[in-house]
Each structure stands twice: as structure tokens, then as C-alpha cells.
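Asker: Spelled out from the first residue to the last, the chains are:
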Amino acid sequence: MKRINQTHRISGHISGHLDRVGAVARKDVRQWARDRQALAGPMLIPLVLMFLCGILFGFGGDEWNIGLVNEGQGPHAAAFEAEIRDLRSNISPYFRVVTTDAERAEQLVDGGRLHLVVTIPADFDERVEAGQTPVLHTRTYNINTDMMKNARLRLTRAIQDYAAAQVPGAAPVTVTQTTTRPSDVWRRTFIGHSAVVLAVMVGSALNAAIMVAREWEHRTVKEVRLAPRPLGDVTAGTLVAAVIAGGVSTLVTLAVAAAVFGVRIPVGRLPVLAGLAALTSLACAGLGVAIGAWLRDYRTVQPLLMITFAGSFFASGGFSSLATLPRAVQTFDRFWPPAYVFETMQAQAWMAAPPPAVPVLIGCGVAAAAGVGIGAWTLHRRL
Amino acid sequence: MTGIRAAVAIAVKDWTRFVRQPFLMVISVVIPLVFIFFYSLVIPVSNNNPIMIADLDGGPVAERLSEVMRTIHSDEGPYYDVRTTDPETALKAFDDAEVLAVVIIPDGFSQAVAAGDARVELRLNNINSDYSKNLRLRLDAAVGALNEELAGTVVEVEETRRLPTDPTMLGYISTSLLLFGCLYAAMVNTGLQIAAEWNDRTVKNLLLAPLGRGALVAGKVIAGLGQSLASVALVLLVLVVGFDFRPSGSLLAMAGIIGVVLLMGAGIGMVVGVASKKTLATASGLITAAVALFLVSGNEESMRGLAWGQPITALWQLSRTLPTTYAFMSARSIFLTGDVSDLARNLVIVLISTAAILGLAGWLLRRAYTHLTGGQ
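Protein chains in written order, with the numbering used here: chain R, 265 to 647; chain B, 4 to 379.
Keep in mind the hints are simulated off the structure, nothing from the lab. Take these hints with a grain of salt, some might be off.
What the hints assert, rightly or not - Derived DSBU-like pairs: lysine-lysine, alpha-carbon spacing no greater than 30 Å straight-line:
| # | chain 1 | residue 1 | chain 2 | residue 2 |
| --- | --- | --- | --- | --- |
| 1 | B | K281 | B | K95 |
| 2 | B | K207 | B | K281 |
| 3 | B | K95 | B | K280 |
| 4 | B | K16 | B | K280 |
| 5 | B | K280 | B | K207 |
| 6 | R | K486 | R | K291 |
| 7 | R | K291 | B | K280 |
| 8 | R | K291 | B | K281 |
| 9 | B | K281 | R | K486 |
| 10 | R | K486 | B | K207 |
| 11 | B | K16 | R | K486 |
| 12 | R | K486 | B | K95 |
Stated by the list, open to error - Facing chain R, according to a computed beta carbon distance under 10 Å, are these residues of chain B, among others:
| # | residue |
| --- | --- |
| 13 | D120 |
| 14 | A295 |
| 15 | A317 |
Heads up, the beta-carbon is just placed ideally off N, CA and C, and yes, glycines get one too.
Turn these sequences into a full structure, and let the hints steer you where they fit.
Answerer: The structure is reproduced here in C-alpha cells:
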């Protein structure tokens, strides 16, 4: 009888905790859902970065717009023109010829509407036949080294391929390419997926911070302080609500990434990615609770989290993989947690043979425990 | 005279509140710098890519190819950062996914070159087409340069450039980042100042004061600008000291464009602050808007040459409708290229837009006065 009573007491105790956690979570989720500004704010940064960076830096594949004026009449000039027109990467052509008219091409490059115009001169064949080196004329709108690198290196590749195909003995060395995937992941897809990873982090962290700061902003913190409740229930309820809100942000971002940016994650990888996302979300929600309790003001919470995560998108593997970043940046990213999240989730989503999932899941689990601990400790100090 | 005194009083009141909240002050000043720091980290990616070479041959031509890969460069710097040529290290790093690419110079490469049929392999973990393209084209350029040494030039290129030298990507982006710093600081500081009047329930006192809306707008703009100046000064200092940003042009022209952009940012911040009346929406809206303006307006000249198909054409056309785009173009003329062909037109657009935005802010304030709710 005594044991039964004890069991009842324990289950009643657990049930009481769960009731309070559920009540806090329901309250926070309702407030979040009713406040369109709180609902939309955390989604803005991932969606805006996905749209702008995806379109700006990734929508045309490898295609580069040029003017191509062929003043030559002979077969060598024609072969060179064909080389330029047919040149391609394994996802798209390298060049798109916008005009072949000399006058229009000059106008376009002068106004910056084209970055490169290539003119194959009238004496191209004559010089080739005479054993002389033909000279291409180019005009560039050289606004910066990045644009010019893209234009010039493509032309260099066209010359190299022309030499290999048309001039015997002129290309003793050629390049072969082997890839782990049949075709490259388009950059817009890579960026779209990065925005989803960003949504996992910023959605949970910012929603949690806003939920906690709201108690001070709406002057309801006194009620929370005076309520006869264990602090753990308040923290857990807020964390649950933040993870739910972050999950909704992530799903919206994922839907846009799939519909517009071609993000197609293999079904077999979804369980690992979902596990990583859930643990990351919990870690970020814990940090969000800590930041919200520490700063207690929308005016400081939002800039701090939005700008830090937006910046991390660029510097920590969202824009370009860590392995492609300069050495100093790679060293910095070794100490910057979002870099691990971007890198791990990109690898799991896109690599032909992704690294083992268990170590990264364990790492995310530790991060989640640390995040929750920091959140609970900070909230305890503030309340 | 009363209006000026009132505007200054509003500004002093806001500055006093600002100083009394040290963390808000630190966040306002430092946050643009955080974004600039992170974004600047990614700039060298456009120029310099790390690469590992697995030199399985070890012969003189293979060594020469590695040397060419180390030395080919743009106007800004070398195209490759060769991390190693040790085959074991390079192949292991690729297999362990520590690097996404490795260049393999096969055994017997030097003899094959002598026979006129050598191949060098680019092995790619191709999870990002931009990186694949960059590495492939750079390797093609290095091999092309080696072939020229071995077999002579096949085709020469004579280039006519619009500008005498290519502006560096760092200089190009630094100009954009400076203007981002101005816009962000002015927009967010001014927007939050005005939205805070509703948030803190002090707006009724402000709007019922016997003052013209112009004085209110001026007071809030002065307050926002005052807070932003420290931020902009810090951004400029970091760009000059940390990123070797060397703006050309006169100091007066620089100060002028920075001042106008700050005013425009303050106007935008005030419009959004009055329209939303809530700090939550104002902060998230303005932060996102500042990042979006940086990307859209700050890249107009890059987009212009790429906009020959949807959806980038739509984005480029959008950028042409934004007054901030003309501010970025003016700044780039003044700071970077020295090309003043469109500077006067761009400045006129910026000045007229700034006046219009400030006018809109005044009108919205007047409207807010007539729509003041009883509870406020």
C-alpha cells in the first residue's frame, strides 16, 4: 500500500511537471502565433539571404554573358568561335553570347551591361596559316577582380581547349576531371540548403530570446517570478515552444528552398539530418533563452542574434564550404560553433559518401546539453 | 528658433537615454562591425583558393607545374594557395573530406610531357558548382601557362580595359561595407528611437508638444545620426587599419557622401519606425533591410553584366529603382574608381530621394498624431 502511494506520488509529481511545461509551452506558442511580427522576424534573415545570394551568386550556373564578334572568314576563326560557344562545365555552358554585332557589343561593354567582349580579328586565319600567333582583342568592363577573374579564366580555358583540339603539339599537358558526384551541386542549391541550416539556428535562438525577453517587454515578469513553479518547468516550456517555432521557420525555409532553389535531399539522409537539426535547434534555443534573459530587450536581442547568424552564414560555410575558405578563416571557424553545423549538414546532404553520422550526432547532443544548461542557469539568475 | 531648440532637446533626451543603457549603446555601435568582420572573411574566396597537389611524379616538369600553380595570379593576388605537394598528405586529406579537391600529377608525368601527351587530374568532391568551376578554370590557366612555356603561345590576347587597373575585390566590397555601416547604423538607431516612443508609451507627450512635425523629425534624425557617428567612425577605422582600405578622392567628398547616406538611412529608419510603432518589427525589418540593401544595391555593377535572364534581371531592375543603389555607385566613384562620368546624376538622385524620404517621415508623424489611440 505504501509502495502504491509512493508510485502515485511520483507519477503525480511527473504529471505536474509535464502539465506546467505544457502550459508554458502552449502560452509561448500562442503568443508567437498571434504576433505576426514575432512569427515573421526570425524567418526574414534566412529567406532574404537565400533569395538574394541564390539569385545574385548562383542562378545562372556557370554561364557568363559576353559579346563575341568574329571578323574572320576562315575555318580557324570559325573553329575558335565554336570553341567559345561550345565550352561548358558539367552543369552549364561557360559562355552565353549576347551579341555578335561589333557596335552593340561596344556600347554594352562601355555601359557595363557586359563585362567582356571578344573580337576574333579579320587576320586570324591569315596569321595561323603564316605560322604566326593570332591576336584576340578583348574589351572589359573591369569593375573588380572577381568579375574579371570569371571572364578571363573562361577565355583562357577556351584558348587552351582550342590549342588541344586544333593545333597539334601545342598542348602537351591537358586536364582530366573526376568527381565524386555525377554532376556538381548547383551553387543556388548549396546556398538554399545553407539558408535552411541557418533557419534551424536563427529560428530557435531568436524565437527563444524573444519569448523570454517578452516577459520583460510586456511587464509580465513579475507574474512569472511570483508563480509557485519550479524554474526547470518554465525553462523546459520555453525551450519546447522555441524549438516548435524554430521548426516551423525551418520547414517554411525548406519548402521555399525545395520549390525555388532545387534543394532535393536524398530520403535516406533525412533521419540523420532531422536528428542533427533537432539537437542543433535545442542547443540554439538554450542559448536564445540565455541571451533573452540576459538582455531582456528586443532592441538588443534582435540585432545581436540576427547579425551574428547572418555574418556566420557568410564566414562559416553557408556561402562556401569551409575547405574552400582561406587558412586564417578556417582557423577562426575551428572555434566558431555554427561552422560545424553548416559543414556537417552540408556534408550529410550532398557528399556522395558522407562522414559517419554517430560522432556528429554525439557532438550535437553535447552542444544541446550545454545550450540548455546555459539557458537554465541564466534564466535562474535573472528570475 | 523654438523648433531648433526643441529638435536639439529631443536629441539630447534620446542621447541621455542611450547613454544610460550601456549594453544598447555597445550593441548599436559594434553590431555593424560584427557583420563587416564576418563578411570580410569570405572576400578572399573570390581570389585565392586553397589546394593540395599530389605530386606522384616528382620530376622537373611536375615541379614546374606546381610552381606555376603557386604563381598564377589576378591583379589582386595569387589564384591558388598551395597547401602541400606531398602525395600522401594530399590524397589522405581528400579521402578524409578535409579538402574538397586535389590535383594529381601522375607518376610518369614528365616523360608523358616529353612525348606530348600528359594529363593532370583534378579530383573533386563537387558539392558546390562555384568551387568546382573556380578550381577547374584556375588549373586550366596554370596548365595553359605551362603549355606556353613548353610549346609556345597559340593565341595572344590584347585587352582594352575600361579602368586602368582592376579594382580589387577587397576595395570594392570595403566601399559597400562602409556604406552598409552607415545605412545600418542610421536606419536601426533612428528607427528604434522612434518606435521606442510607442513601446515606452511616451509618444503622446511627444506628439502633443506644441511643435511642428519638422522639429520632431529633425530631433529624431539628429539623435539617430549622433548615435550612428561612433559606429561609422569605428567601421571606417577597422576597414582602413584591418582591411587596408585605401579610399581615393577628397576627404570632403567622402564626408559628403557618408553624411548624405546617414541622412537617407535615418529617414528610412524613421519611416519604418513610425509605420510599425513596435520595436520588435522595427528591429527585425530594418536589420533585414540593411543586409538586403547591402547585397542588392552594393552589387548593381556586378549584376548589370549578368542580368540577361530571369530572375537576376528582375533583381537588377529592382536595384535600379532603389535610391540606395545610386549612393553605392556614387561612393564607388569617389572612393575606388575615380570614374566620375555618372557621379553628378547619381548624387542628384541620392539627394532628391533623401529629401523625399525625410518628407515622408514627417508626413507619417503627422498622420500618427491624428491616429493616436486613446490608450497611448
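Asker: None of the hints should be skipped; say for each whether it holds.
Answerer: We went through each hint and held it up to the structure:
{"no.": "1", "hint": "B:K281 with B:K95", "verdict": "55 Å, violated"}
{"no.": "2", "hint": "B:K207 with B:K281", "verdict": "15 Å, holds"}
{"no.": "3", "hint": "B:K95 with B:K280", "verdict": "58 Å, violated"}
{"no.": "4", "hint": "B:K16 with B:K280", "verdict": "19 Å, holds"}
{"no.": "5", "hint": "B:K280 with B:K207", "verdict": "12 Å, holds"}
{"no.": "6", "hint": "R:K486 with R:K291", "verdict": "16 Å, holds"}
{"no.": "7", "hint": "R:K291 with B:K280", "verdict": "24 Å, holds"}
{"no.": "8", "hint": "R:K291 with B:K281", "verdict": "21 Å, holds"}
{"no.": "9", "hint": "B:K281 with R:K486", "verdict": "22 Å, holds"}
{"no.": "10", "hint": "R:K486 with B:K207", "verdict": "26 Å, holds"}
{"no.": "11", "hint": "B:K16 with R:K486", "verdict": "29 Å, holds"}
{"no.": "12", "hint": "R:K486 with B:K95", "verdict": "59 Å, violated"}
{"no.": "13", "hint": "D120", "verdict": "7 Å, holds"}
{"no.": "14", "hint": "A295", "verdict": "5 Å, holds"}
{"no.": "15", "hint": "A317", "verdict": "8 Å, holds"}
Of the numbered hints stated above, those contradicted by the structure are hints 1, 3 and 12, listed in ascending order.
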